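Engineer: Chains as they are written, first to last, in this note's numbering: chain A, 1 to 213; chain B, 1 to 213; chain C, 1 to 213; chain D, 1 to 213; chain E, 1 to 213; chain F, 1 to 213; chain G, 1 to 213; chain H, 1 to 213.
Hints should not be assumed to be uniformly reliable.
Stated by the list, open to error - Over the 10 Å line for every Cβ pair with chain E, so calculated as not near, a few chain C residues:
#, residue
1, 23
2, 24
3, 28
4, 51
5, 57
6, 76
7, 132
8, 136
9, 166
10, 168
11, 178
12, 181
13, 199
What the hints assert, rightly or not - The calculated label-pair distances, taken between Cβ atoms and stated as ranges, are:
#, chain 1, residue 1, chain 2, residue 2, range
14, B, 83, D, 22, 51 to 57 Å
15, C, 77, D, 22, 45 to 51 Å
16, F, 132, E, 75, 44 to 50 Å
Claimed, not checked - Okay, the calculated bits of chain F under chain E, using three or more residues with CB under 8 Å as the criterion:
#, segment
17, 63–70
18, 160–174
These are computed hints drawn from the structure, not numbers from a lab.
Please read all numbers here as calculations on a predicted model, not as lab measurements.
Backbone N, C-alpha and C define an ideal beta-carbon position, used for all residues, glycine too.
Here are the chains, one letter per residue:
Protein chains: 8
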Amino acid sequence: GFAKLDHHRPLRTGMPEVIFASGKTIEHVTAIFVRMAQAGGNVLATRVSPECAQAVLAAEPRAVHHVTARCITLEQAVPPQGKGTVAVVCAGTSDLAVAEEAAVTARLMGNTVELIADVGVAGIHRLLAQRGSLQSARVLIVCAGMEGALPTVVGGLVNAPVIAVPTSIGYGASFGGLAALLGMLNTCSPNVCVVNIDNGFGAACIATLINRM
Amino acid sequence: GFAKLDHHRPLRTGMPEVIFASGKTIEHVTAIFVRMAQAGGNVLATRVSPECAQAVLAAEPRAVHHVTARCITLEQAVPPQGKGTVAVVCAGTSDLAVAEEAAVTARLMGNTVELIADVGVAGIHRLLAQRGSLQSARVLIVCAGMEGALPTVVGGLVNAPVIAVPTSIGYGASFGGLAALLGMLNTCSPNVCVVNIDNGFGAACIATLINRM
Amino acid sequence: GFAKLDHHRPLRTGMPEVIFASGKTIEHVTAIFVRMAQAGGNVLATRVSPECAQAVLAAEPRAVHHVTARCITLEQAVPPQGKGTVAVVCAGTSDLAVAEEAAVTARLMGNTVELIADVGVAGIHRLLAQRGSLQSARVLIVCAGMEGALPTVVGGLVNAPVIAVPTSIGYGASFGGLAALLGMLNTCSPNVCVVNIDNGFGAACIATLINRM
Amino acid sequence: GFAKLDHHRPLRTGMPEVIFASGKTIEHVTAIFVRMAQAGGNVLATRVSPECAQAVLAAEPRAVHHVTARCITLEQAVPPQGKGTVAVVCAGTSDLAVAEEAAVTARLMGNTVELIADVGVAGIHRLLAQRGSLQSARVLIVCAGMEGALPTVVGGLVNAPVIAVPTSIGYGASFGGLAALLGMLNTCSPNVCVVNIDNGFGAACIATLINRM
Amino acid sequence: GFAKLDHHRPLRTGMPEVIFASGKTIEHVTAIFVRMAQAGGNVLATRVSPECAQAVLAAEPRAVHHVTARCITLEQAVPPQGKGTVAVVCAGTSDLAVAEEAAVTARLMGNTVELIADVGVAGIHRLLAQRGSLQSARVLIVCAGMEGALPTVVGGLVNAPVIAVPTSIGYGASFGGLAALLGMLNTCSPNVCVVNIDNGFGAACIATLINRM
Amino acid sequence: GFAKLDHHRPLRTGMPEVIFASGKTIEHVTAIFVRMAQAGGNVLATRVSPECAQAVLAAEPRAVHHVTARCITLEQAVPPQGKGTVAVVCAGTSDLAVAEEAAVTARLMGNTVELIADVGVAGIHRLLAQRGSLQSARVLIVCAGMEGALPTVVGGLVNAPVIAVPTSIGYGASFGGLAALLGMLNTCSPNVCVVNIDNGFGAACIATLINRM
Amino acid sequence: GFAKLDHHRPLRTGMPEVIFASGKTIEHVTAIFVRMAQAGGNVLATRVSPECAQAVLAAEPRAVHHVTARCITLEQAVPPQGKGTVAVVCAGTSDLAVAEEAAVTARLMGNTVELIADVGVAGIHRLLAQRGSLQSARVLIVCAGMEGALPTVVGGLVNAPVIAVPTSIGYGASFGGLAALLGMLNTCSPNVCVVNIDNGFGAACIATLINRM
Amino acid sequence: GFAKLDHHRPLRTGMPEVIFASGKTIEHVTAIFVRMAQAGGNVLATRVSPECAQAVLAAEPRAVHHVTARCITLEQAVPPQGKGTVAVVCAGTSDLAVAEEAAVTARLMGNTVELIADVGVAGIHRLLAQRGSLQSARVLIVCAGMEGALPTVVGGLVNAPVIAVPTSIGYGASFGGLAALLGMLNTCSPNVCVVNIDNGFGAACIATLINRM
Ligand SMILES: Nc1ncnc2c1ncn2[C@@H]1O[C@H](COP(=O)(O)O)[C@@H](O)[C@H]1O
Ligand SMILES: Nc1ncnc2c1ncn2[C@@H]1O[C@H](COP(=O)(O)O)[C@@H](O)[C@H]1O
Ligand SMILES: Nc1ncnc2c1ncn2[C@@H]1O[C@H](COP(=O)(O)O)[C@@H](O)[C@H]1O
Ligand SMILES: Nc1ncnc2c1ncn2[C@@H]1O[C@H](COP(=O)(O)O)[C@@H](O)[C@H]1O
Ligand SMILES: [Mg+2]
Ligand SMILES: [Mg+2]
Ligand SMILES: [Mg+2]
Ligand SMILES: [Mg+2]
Ligand SMILES: [Mg+2]
Ligand SMILES: [Mg+2]
Ligand SMILES: [Mg+2]
Ligand SMILES: [Mg+2]
């Protein structure tokens, strides 16, 4: 009784409910994961601590732990396939955890993902060198901390929707990702929309819906 | 020389550059509008004051002034057509200016638009009565001020992407739209992304790109 | 002499003073609890750590530790009885700690409590399925983190007072419950009032006064 | 079609929908007021400018303009009667607009109202002199700007629910009512709940529901 | 060379420089304390951790550790004597650390101190019972967290200067003492001034200068 | 009945209640001023607009309008005399309105005032040239906007209490005086306390109490 | 006596004191301007309203009004000459007022200025087309509002110091330039430093000192 | 593949890319350091924890660990030499970590550095005693926490560029360095620019570019 699983949601939204492990006990996460695994669909847990991952994998050995992404997945069904590539772009090495959360989620939901890392705007030639990959993506997820300028620049290079994910990477006046978030909301590229700080998962959900169209 | 028009952008992003009239003199807005009109494409000016609108229409009588939306449009070309309907939903009468900015922009960019107004979550039956319209839209733009809860509820009812637009409608602890913005960023519906406060224009741009897919 | 117990208060306000354990030493909490137990009324301690709970129960074995609620109670008197049911509603599993603090407090103060969990607005059918319970409550306490939309939707479904409790559940732009707090203060349901972030205790006090009327 | 009036709401919540005039055109306010007047119930408009009031009274001469409260009322039905007195307390002369908004609303909704003004905590004897009135109220609405301490002190003097209304009165570090709002949310009187800055109307709605019990 | 001790300052301001231990290594604090002890005046270290206190007392056995106040003092000189009593008032048990820091500092600087604890405004009779002590003080230091209302009420009861110290005690919307700070800055008692959050030391310095007049 | 004048306060605090004209109608200010004038004591109104000043002087021709200070005074009684000089120091020309409010208030309350203007810290020699005046004052009021550094520097030069008044002078990241306020609260001069932004009046009240000792 | 002109400063810092007209009366600005003009050096007034400009030019007909820059200059002396070019770059048409304030100031202080406008990062080719001009500048001033990304991208293209000026251009979550300010402070280009929002004047002062080296 | 080193940047900006160790695993930092060391240039890692430093020195024994500065350097090339002295000034002992980060970086980049510590503005004579050193520097880096006033005072004493570094030293209303940051941005010394909180590294980069001119 501690959780009302929303069995309707996959039908309504085309995506399974997902376990947000942060703030839940290891026992709760493991129990929910096993219950969902038995329901037969694909299962995803995000924000999983290493200890929690160990417990889940002990209970469900078919599950896979994605260390950088802090995710656990169980693939046992074939989701609707995305029509093109989802590009996941990130500014610095430290943004990789968020970018990988997006990539793992998007792959589990049936997308082909191309990850393009360490192309921050302070060395714009690195980004311009990826122009081909960027322009061939059907939808882009762009993760950046600090000043959060990357989605704006990427947005000006492509004519596809860009989903911007501010990350909490930074210090001082970054205020836990607030600077990047505000930067992205004030973008002057009109093809950019934004999700919560560090929300790689949510970005992948929207990208999936778009890529299925 | 006071403005470098970005003639490349329509080719790169599939959308014309647009005149953001707020903070520009009436003379500047009129001059840019006329220059763009001569370039032959469709033209859009947003955040136009009544005085400014009069001046633009005097200089270019074919233009149309959308009063609630605070926009001026000139249609002289056929844009790529969207494949389905864009639903523009808003919570209260006061959010209409932002919703209409989104609707006018989306129509000019080739979309069929359905406007669903005054369906705030405090009387949820009003929203549920529109379930058919909501679920048949290919992409949704949802505008709300005050507590900004509408996109989350709509997001749970559909399996299409929802673009949330916080509005500056409210008083006291709404802090100019901040409350609605934070509410939308913290949505628990994973198919919701967010644009800047009052940015109906930007929401329509993203919706257009998605609806063309 | 380290604490002036307010013996007048039960007489003035109809409720005993309560021990807020957070920030007090285990020794202080235990000593105050024992002193209050000897005074003969019911005793409540909130925000009790597991170690502190152990110490209190060792000193007063009749006391009960409510783990999820992080509370200790001692029942040895019959409080004035509430006339109807207090519904305690919460959005997600993670809000349960706050909801249980409210429920434990309300029960100790003489109310019949119905706990309705995991009915977040992203799957509105779950909430609508509880309409009966919601509408038969005499007063409602509604706890939610993240976007904090639940009290507004509940407020529109009932004609009883709704006490909204923002929780610190969330991440990124939730800013420790600020997003939920602002959302609730800006509610467009006029039967909603708000208490401090995570303040399940305070919500139960107000609900008790109302339910005694 | 510009507004969907929520005809269900009076039945669901026991209160008519109300016109929040701020941000609406004079024409819209007048038209909605007249339409509601024809529906036969009592009508309330809040945040009405002097010009708007003139237009509404011209269209509906039976309406009454409450200048300090910035409200217009039309009484043509007998609402359910409150069982006791609602005390409306305010700290300073400048808080009167908010206090009067609460008083006008509460009276229209069937309550006996006692207004107690200018009893700020810097001269506590003024407040203590009103102890009789305070303690005989069934529910209290307490409005204060600046440091917002009044509801806390009142809350300690009574055993009834206190609804605190922060006002935007103040300057400098009051930040438009934020200081008072935070003060009230952090109250150490457990019988205090809070509504939005300047929201006298909402406070009266909750007080009405409580006073009908 | 890691610290330039300001030997002029006692002459200029009538008070010795003091060691703010927070953020300094135990070795640094101990070394500076010993050096100052050798200079012959009284020595004060504030914000001392238990481990640091142990090290300082080992190096200078004449020093005294004030546990609640988190201070170490060494008395070896007679400071100028204050002319009256400094009252140190605090709202709750949890504010005692800050109040004691003020009291220890004020005593070391030559003042007679009267500590009045646990007289929060939610039970105003507790405060009124102390009216005699409050009114006989020459200067008052008033510490409070949460809503920070105590200095305002005290300020209205006396005709002496009141130095308000917001404390970081609270949770949720107290935002680490911000709510109390704003409340005190917006006081409507004109005899109240404010120092930084938790700054019992600074309050005592100002009180000392006033009490010497 | 619209204002309860606090006739006790002069007796309790040694200072008359004062009219804060901002946010009151001209009629109200004039009426209160006349009523207070008839009571026989000195009268002070602060934050008076030019139009309001004209009305008050028409009704009470003995009153004096201090234009820069935005104050009106009526002297008809001899207040207790301060024992020394109150120095009122300000950083720039634009801070003069606040400094003059302090000076006018302090003079009316029986103090000898020395005004030292335009001695901002960016040209420290200007300040050092005033060292004599600063050091001979019994208490100092220091007003500064922008970075708010002046009270800290002055505090290090004197051994008297310094009352810091942040002003709203500045732009951009001064956020209406917030930068100066925070700077003053974080002062490393221990003889500095702070009042609200632009609150020259309050600073003078505290200075008066101190200077009478 | 209302202003102590800092005659030492030109000697100490190599730059004349400048009149910041905002918040000063027209009479004060005019009088100070004339007094400075008589002292023989170059004179600069910033943030001058059109009415004020008219008054100053009437009193000193040799002065020049720079309309977009909102500045008045009087050139009557030859300042030390900068060794290279100062590039003043801005993102959009609306940032021109700030960019021109920087350009006018820099020219008056002896620099050759190249103004590069409307090269926002959403169309990066426009900026890359200016690479030659950017790389030949000895120091760069880069002004941008909204997301404030331009200085970071420019910083990555040059090996000269970049002085970033956030502008207040934007709306909604730009919060008066705060978003741009935070973006610039969190830049990942290590050759970027920042001045206050809209402070074109200050940026030019630093650029001048650097360009003289 | 986890990091794209920007080999172009030294050529473009005259400075090597640097390892920001905070948030990276010890293995990553060590691997990158070794790779950069093999590339033959000088190497710098900042924000290195003691454990991480041990690992790097084990892998590259020629590297030097600067404990206070939390940096590791490897010198194996001769950088372009600065033409004058870079003064690194700090307010208090606790600001030394940031000041040393700046000093270590500046020395590695070819500058002669003079460190001037513990000259906070509350004892201005300490700073004035260093006037000679300050005025002979070619560029100054000034670090301060708490009220952040030091760069403004230093700025008024010299005619060289001042790079202000706010530090996170402080408590209460310092809000992690925000108070110092705002103070520096609002400086009234026009030769001051600002970098992120605690960013000694960035300040040294800009100082290096200036000192090479
Ligand atoms: N209502 C609007 N809200 C946000 N951005 C807009 C709006 N209207 C136009 N824009 C953007 O502003 C750009 C024009 O800015 P500007 O060069 O200053 O005229 C356009 O290319 C759009 O991307
Ligand atoms: N300039 C001022 N700044 C702050 N408080 C003021 C000022 N002038 C008057 N006051 C306070 O405001 C109170 C009067 O408020 P009210 O009852 O609204 O007229 C006085 O008793 C003073 O304590
Ligand atoms: N546009 C500007 N932005 C920031 N500071 C300015 C500006 N113009 C002038 N100032 C500064 O303001 C000082 C003059 O202030 P004041 O004494 O109030 O006239 C000058 O010395 C400059 O340092
Ligand atoms: N202490 C520091 N503070 C700020 N930025 C730094 C610091 N140390 C290194 N950096 C920057 O961080 C970049 C490296 O980031 P990353 O690619 O995540 O290792 C370097 O190129 C520098 O520009
Ligand atoms: Mg990198
Ligand atoms: Mg409506
Ligand atoms: Mg759930
Ligand atoms: Mg009053
Ligand atoms: Mg207590
Ligand atoms: Mg000046
Ligand atoms: Mg443009
Ligand atoms: Mg020191």
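Engineer: Residue 199 (chain C) clear of chain E by more than 10 Å, beta carbon to beta carbon?
Structural biologist: violated, 7 Å
Engineer: So is residue 28 (chain C) really clear of chain E, every C-beta pair being over 10 Å apart?
Structural biologist: Given a closest Cβ separation of 7 Å, the condition is violated.
Engineer: Please verify that the nearest CB of chain E lies beyond 10 Å from residue 76 (chain C)'s CB.
Structural biologist: holds, 24 Å
Engineer: Is it the case that residue 181 (chain C) keeps its Cβ farther than 10 Å from each residue Cβ in chain E?
Structural biologist: violated, 6 Å
Engineer: Quick check: do three or more residues in the segment 160–174 of chain F have a beta carbon closer than 8 Å to a beta carbon of chain E?
Structural biologist: holds (count 3)
Engineer: Given the range 44 to 50 Å, decide if the beta-carbon distance of residue 132 (chain F) to residue 75 (chain E) lies inside it.
Structural biologist: Because 35 Å falls outside the window, the suggested range is violated.
Engineer: Just to make sure I understand the rule, a stretch counts as covered if three or more of its residues have a C-beta closer than 8 Å to a C-beta of the chain. Does the segment 63–70 of chain F meet that for chain E?
Structural biologist: With 0 residues close enough to chain E, the hint is violated.
Engineer: Could you check that no beta carbon of chain E comes within 10 Å of the beta carbon of residue 136 (chain C)?
Structural biologist: Holds: least Cβ distance 30 Å, greater than 10 Å.
Engineer: Holds or violated: is the Cβ of residue 168 (chain C) farther than 10 Å from all Cβ atoms of chain E?
Structural biologist: violated, 7 Å
Engineer: Going by Cβ atoms, does residue 24 (chain C) stay more than 10 Å from chain E at every point?
Structural biologist: Given that some Cβ of chain E is not farther than 10 Å from that of residue 24 (chain C), nearest at about 7 Å, it is violated.
Engineer: Is 51 to 57 Å right for how far apart the beta carbons of residue 83 (chain B) and residue 22 (chain D) are?
Structural biologist: 40 Å Cβ-Cβ, so the 51 to 57 Å window is violated.
Engineer: Verify this label for me: residue 178 (chain C) is non-interface relative to chain E, using a Cβ-Cβ cutoff of 10 Å.
Structural biologist: violated, 8 Å
Violated hints for the displayed structure, listed by number in ascending order: 1, 2, 3, 9, 10, 11, 12, 13, 14, 16 and 17.
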